[in-house]
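Chains as they are written, first to last, in the UniProt record's numbering: chain B, 1 to 382; chain L, 1 to 653; chain Y, 1 to 384.
Read the hints as simulated data drawn from the structure, not as lab findings.
Keep in mind that the hints are not guaranteed to be accurate.
[What the hints assert, rightly or not] Here are the simulated distance ranges between beta carbons:
no.	chain 1	residue 1	chain 2	residue 2	range
1	B	A39	Y	P325	13 to 21 Å
2	L	R318	Y	F375	48 to 56 Å
3	B	V34	Y	F329	17 to 25 Å
4	L	V340	Y	L377	57 to 65 Å
5	B	W9	Y	T256	54 to 62 Å
6	Y	L377	L	S260	57 to 65 Å
7	Y	P325	B	R68	21 to 29 Å
8	L	R75	Y	A32	48 to 56 Å
9	L	R75	Y	P325	30 to 38 Å
10	L	E647	B	V34	53 to 61 Å
11	Y	F375	L	A645	54 to 62 Å
12	B	R75	Y	A160	36 to 44 Å
Ideal placement from N, C-alpha and C gives every residue a C-beta, glycine not left out.
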Amino acid sequence: MNSRLTLWWSRLAAMTVKELLQLFRDGFLMFAIVFLFTADIYMTRNVRLELNHATVVVHDADHSAASRELIYRFRPPYFQLGGEIQDSREGQALLDQGQALAVLDIPPYFQRDLQSGRPTDVQVLVDTSNTVLGTLAASYSGQIIGRYGFEAALARMGASEASLDTVPMIQDQHRVWYNPNQNDAWFIPISELLTVITVMAIMLPAAAAVREKERGTIEQLLVSPLTPALILLPKVISMTLVILAGTAISLFLVLVPVFGVPIKGSLPLFFAVTTLYTVATSGLGLYIATLSRNLAQAAMLAIFILMPMVFLSGAWTPPEAMPAGLREAMYLSPLYYFIEMGYGILLKGAGLDVLWDSLLGLTLLGVGIFGFGVRRFRRQFG
Amino acid sequence: MGEAAPLTPAPAVRVQGFGKRYRRQAAVAGVDLEVRRGEIYGLIGPDGAGKSSLMKAVAGVLAFEEGSIEMFGIRIDSEAAAERVKGRLGFMPQGLGLNLYPELSVEENIDFFARLRGVPAAEIAARKAKLLAMTRLDRFTGRPMKHLSGGMKQKLGLVCTLIHEPELIVLDEPTTGVDPVSRRDFWAILAELLREKGITALISTAYMDEAERFHRLSLMHGGRVLASGEPDAIRARTPGSVLELEAEPQVEALDRIQASLAQAESVGPRLRVFVDDAAPEAAVGTVAGLLKGLSLRDLHATTPDLEDAFVALLRRQRLVEERAVAKPRAGDGDPPGDDVAILAKDLTRDFDGFRAVDRASFTVHQGDIFGLVGANGAGKTTLIKMLTGILPPSDGEGRVAGADMHFAAQAIKARIGYTSQAFSLYQDLSVLENLRLYARIYGVARHAAGERIEQVAELTGLTGRERQLAGRLPLGIRQRLALACAMVHRPRILFLDEPTSGVDPIGRRRFWDILVHLARVEQVAILITTHYMSEAEHCDRLALMHAGRIVADDPPAALKQALREEAGELLEVATDRPLAAMALLEQAGFAGVALFGRHIHLFARDAHTATREIQTILAGRGIGLASVTPRPPSLEDVFVYRITALEQGEQRL
Amino acid sequence: MNLARIAALAHKEWREIVRDRLFLALAFVVPAALMLVFGYGLSLDVEHIPFAVVDHDRSALSRDYTHRFIDSRYFDYRGHVKSERELDPLLADSRIRFAIVVPPKFEENLMAGRPAAVQSLIDGTFPFRASTSKGYVIAINAAFNGELLAAYISRRFGVAPERAAALAQPVRVQLRYLYNQELKSTWSIATALVMLVLMVAPPFLTALGVVREKESGSIYNIYASTVTRGEFLAGKLLPYVGISIVNSLILWALATGLFGVPFKGDPLFFFLSSVIYVTCTTGIGLLASLIVRTQVAAMMLTVVMTIIPSVLYSGLLVPIASMDPQGQFEAHLFPAMYFTDIALGSFLKGVGLEQLWGKALALAIYAAVLWLISFALFHKRPRT
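Based on the sequences and whatever the hints tell you, model everything.
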C-alpha cells in the first residue's frame, strides 16, 4: 500500500514538472503571463472609478461676485471649468460632442435675489448618456450648490462659520473604513489582480488539456498506467503554482510598493484562499477542455464563461445592485466568494472567524465544480 | 526510367553554393545542383540532411543566406523575386496531407487551390475531372479530406499541387506514410502526368527503392551533397557485392561478421552483408571464412541496390556514426515467463455501423517480432489501440502480458510499451526530460532510473543529444526517442505503430538493430506495423490485414512460398523503356505486372514460355530487352499481389 | 489586389468555419448571450446598500431621522445594533456596507438650537460605492438640515413656515438630465455592451487563424502560391469581419428591441463605424496570431490585448473623462474608447457624422495601423 502511494506521488510530481517545463518553454506565453501579473496591473494606476476633472461649462447671466463665488466652487478634483459660453445652444453643442459633461446656468439677478432672500433657480444640464458619470456629476453639483445656498442662508441670518454651533443642524462625520482616502488606487488593482487570476485559472488548464488532445500526446498518456486523475491533477497543480507565483509577484512588486495596498490580514490565509479558488475555477477550465476539439473552440467557450463571471461577481460592480435572479446566481460564482475574502483579508484584516462562511461556500462550490470537471474528463478518457 | 528527358539549355533549377543556417547552426552548406527541364530529380538522404530546407528555398518559401538559386533563369534572392516565379511552381510540403484542409471535402480542397492559383473558371471543371479520374478520387468528391486514407490524401495533395499546371513541382517526401500499393499508384499517376505536360519535378523521398524512378538524383547527408547523377552512376561509385545467408546461431554470426565487415545486418532469419570492392565469388569466400564452424545455409550473392550503395558511400566517407547500439549482454532481460505474450481471439471493433476490425485472431510469443502490414485504413491502428487498452473491443477476447484485456486494463498498461503512429512525445521537452517523465510515469525506481535512462539512451543512440528539444530532432532520431521512452520501464511487450514512417534508411537500419536486439536477447515481444516491406522481412511472423480482417498470418518465408504456389514464378524483366513495356505486358494479360525500381516484376506459371512471349511482345514494339530473370519473390511482391487481388475481387462484386 | 484570390481564400476559410459546427455556433451565440446576460445583470447603480443603525438617543426625532435612511430605496436596512463595537464584525464580513450612529442627546441638542454630530461609517473597499453612498448621506442630511433650519428660522424670527423654508434654501437646483432623462442605466450599459462584446468576441475568432495554419503546415500553400501578403490577410479576415458585422446587427437589435434603448442617430453612420470597429478588433486577433508561435500563446496574448483594455479603457465601467492625463493617453491607444463615444452618441445623443467623424477617423487610422503592422510581420519567405 505504502509503495503504491509513493508511486502515485512520484507520478504526480513527474507530470507536474512536465507541465511546468512546457509552460516555461513557451516564451510568448510566459511573457503574456508575466505581463498580466505586473505591467497590466501597474497600468491601472491611472484609472479612477470617480468623477475626476469633469468639464463644466458655465453660462453666467449675472456676472456678479456671488455667481463667481458659486462657479469657483466647481473645481478639482471632481470638476474643472471648461470656460464660459454665451447661450444655451452652444452648451448643447458641447454636450453633443462630449466636450463637456455638464452646463451650469446661472440666471440674471442671481446676486440680487440671493441678498434679498428671494429664491433663485440655478440650472444644471447633465449628460447622462453614461449614467455613472451623469449621476455622479448631478450628485456633486447638487451638493455644491446646496451647500452654497445653505451657507448663504446662514450668512443672511448673521451666522458666520465660526458660530455654526448656535444653529441646529446635523454635523455629519463620515468615517470611511478600510480605505480612508477612498483611494481607487487600492480597489482597482486588487480587482484587476482577481480578474487576472480568474482568466488564468480558466484558460491555462483548458489550453493545456486541449493541446494534449490536439497534438495527440494524450494517446501516449492513455496507454500508460496513469489514471485520469494523474493526467488532470498535475495540470491543475502546475497552473495553480504559476498563478500563486504570479500573485506573489503582483502583490510584492506592484500592489504594495506602487499602490501602497496595506496587507492587514494574514498572508498565508490569502494564499490559501487563492489556492482554493484557483483549483475550484480550474475545474471549469477542464470542463471546457472536454467540450472542445480544438483550441479555437476552447477559447470561445472560455470567454463565454469568463466574462459573465468577471463582470457579475462584484469585481467591478457593486453586487448589491444586481437584479434579484442574478444576485442568487452570483452565489454560484466562485469569484464572488474570492472577492469577499480577498478584500476581507487584504484591506479589512478579516480572519477565518469572520470569513468562515465564504470559505465554506467556496469550498463546497469548488468541490462541486472540480468534481464535475474531473468526472467529465474521466468519462471522456477513462 | 529509360525514356530520355528532353534536354533544354536553360535548366529549370540551378542551385549554386547554397547554404542555410538556423540560429548560427548550419543546416545546409555548399550545395550545387541543376534540374533540367522535364526531368524528375530526386533528393535522398537521412533526416536532418537538409533536404527540406533546400526544397523550401527552391520553392521560394524560405529565406537563405548563402549561394544562389535560379529558377527558369530568374534569380531567387528576395521575397519579391520569389513571387515572380511562384505562378509557375507547385509545392507540396512534408507531412501526409498536412497542407490540405481536413474539414473540407475533396472537391472543395481542389476548388480552393484552383481559385487560389487563378485557374480560369472555364477550365477548372475539365482539369478537375481529368485529375480526379486519373487518381480514381472521382467517387469521393464529397468526402471530407480528414476521412480519406493516407494514399488518397497523398493523391489529393498531388491533384491540388498540379491543378494550375505548373512548370515545376517541388514535392517533399510525398510517399511517406503510404502503403506500398498506394505508393505505386501514386508514382504511376505522377509519371504519367509529368510526361504528358512536360512538367519538371524535384522530389525527395525516404524510400530508397523509389530512387529508381528518378532520372537523376542527389544523395544528401549532413547538409551536403555526397553524390549526384543517374542512379546507375551512383551505384557504380561503391563497387562491391552483397551476400545473403542464413546462419545458426544468428547473433554470433552477425557479431563475427561485424567484427571485420562494417556493413552487415540481420533481416529476419537471414543476414545481409556488403563486401567492399569484391567480386561475388571472392565475397562468398570471405564471409564463409569468417563464419567457419557455424552452420550456414543458402549463402549466395545478389546485386547491390541503391540502399546498399548509399550506406557504403556514407561509410566510405566516414559520415555514418559508428554503430552506437549497445551489444547484447547476457542476462540483461528477465527470463521469459509466460511464453504467450499476446493472444487475440476474434477481436472486433465497430464504429457507427462501420466494422474497423473484424474477428482478428493471432498469437505472439515472447521474443517474437510480429508484423502487421496492410493498406492505410485496413484496421491496424484500431487493433493496436484495442490491445493497448485505449479502445474497448466491441467483441472478442484478448490477453496481453498474461492479463485479460477486459478486466485488467490497468495491469496491462504497466507491462507494455507503446509508440503511436504520430509522434506523441512532448516536443517542447528535451530528450532527457521526456525519458525522465516516462521513467517516473511507469514507476521506475528513482535510484535505478538514472542508470536505466543512460542504458536506453545508449542502446538507441541518443547519447550526446540528451539536452536537445524533442521537436528539434530529425525524424529518425525522434522515433528512436519514442522507442526509448516506450522501453524505459523494461516492458515485456512493445506495440509500435509505424515507428519508422518517414525515417531514412540509415535510421531504419539502426532502429531495427535495436528491435532485433530487444527480441532476441531480452525476449521482448514486439508487435509492429510498417509500410516498408523491406523491414517486414525482419519479422518472425507477418499478418496481412485487409478491410479489418487478417487475411494471412505466417512467417515471411511461408508467405512467399504460398505466393509461389498460387501465382507461379516471379520474373524480373529489365528493359530500356520500363513504363512502355509495362503497359504492353499488362495488356498481354500477365499477372501482377508491377514496376520495382527500374525493373518490371510479373508472375508466370512457366518461366520459359513466358520469357519467349515477353521477347516477342517487346521486340514487336522495338523495346530493348536486357534480361528476364527468375527471382525469389520479396515481401513487397507478396503484399502488392495479395492486396491488388483482394481489391480487384471487391470491385468485381 | 486580386479579388478572385481574396474570394477564394475567404470562401475556404468560411467553409472551414461552417464545418466546425461548435465553433460556428459559438461565434454567434457568445456575443448575443453576453449581451443578454450583461444587459440584464450588469448594473452600476448603487442601490440596496445594506446598513445598520446605532441609535443612542432613541427619541422621536432620531427615529424620524433614521427612517429617512430606512425608507430610502438606496439603502437596505438590516437592523439596529446596540453599540459601535458590534458594527466591526458586520462590516468586516460585508454583511453591511454602511452604518449610521446617532449620538445621545440628539433630539435635545437640536431642539435647543445646538448642532448634533452624526457619524456615518462607510465600507471604503469599493470607492465608487463609498462615494456614492456618501453622496446619498449628504443629500439626506441636507434635506433634514433644511427642514431643521426652516423650523428654527420660523421659531426664531417668527416668519411663516413657507417663507422660512425659502429663506433656508435660497438657491434651488434644477437638474436636467440630457439624453437619458430617466437615468436608466440599462440604456448606458446596453449601448456600451455593443462596444464591449464586439471588442472581446471577434479577436478570439481570428486569434488562432494564422498560427493554426503554421502549426499544421497549410500555410505553405500560401507561401508557395502567387497570393500576395495583403490578399492573404484580407481573405483570412473577411469571413470573421462578416460574422462580426452580423453580430453587430444582432447586438443592435437586442439593444433597441429587448432593452428598449432609443436609437436617435444616423443608422448608416453607425453601421459603417461598426464595420470599421470590427475590422479593428478582428485585426487585433490576427496580429496576435502573427506574432506568436503557439496557439496557447496567441490566446493569452489576445487576452492581454482585448479583455483587459476593454474593462479598463473602454469607458464601460471607468469613465475615460475621469482618468488622469496618462490614463487618458493609454485609453486613446485602444479602439474601444472611440467606439464607446460613437455608440453613445448614435444611440442616445442622436448625433452623427458631423460630431463624431473624428472618432470614426481615429478608428479607421487604428485599423490601418493594425493592417500595416500585420503586413510587416507576415512574410511569405520567412527565415525559419
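Verification of the supplied hints:
1. Taking 13 to 21 Å as the suggested C-beta distance range, the pair A39/B and P325/Y conforms, at roughly 19 Å.
2. Between R318/L and F375/Y the CB atoms are about 49 Å apart, so this pair conforms to the stated range of 48 to 56 Å.
3. In this structure, V34/B and F329/Y meet the distance hint of 17 to 25 Å, their C-beta atoms being roughly 23 Å apart.
4. Checked against the hint of 57 to 65 Å, the C-beta distance between V340/L and L377/Y comes to roughly 59 Å, which is consistent with it.
5. Distance hint check for W9/B and T256/Y: the Cβ-Cβ separation is about 59 Å, which falls inside the suggested range of 54 to 62 Å.
6. Remark: the range hint 57 to 65 Å for L377/Y to S260/L is upheld by a beta-carbon distance near 59 Å.
7. At about 27 Å, the CB distance of P325/Y to R68/B agrees with the hint of 21 to 29 Å.
8. The hinted window of 48 to 56 Å between R75/L and A32/Y holds, with their beta carbons roughly 55 Å apart.
9. With their beta carbons about 54 Å apart, R75/L and P325/Y fall outside the hinted range of 30 to 38 Å.
10. Distance hint check for E647/L and V34/B: the Cβ-Cβ separation is about 58 Å, which falls inside the suggested range of 53 to 61 Å.
11. Take F375/Y and A645/L: their Cβ atoms lie about 57 Å apart, and the range 54 to 62 Å holds.
12. Between R75/B and A160/Y the C-beta distance comes to about 37 Å, which sits within the given range of 36 to 44 Å.
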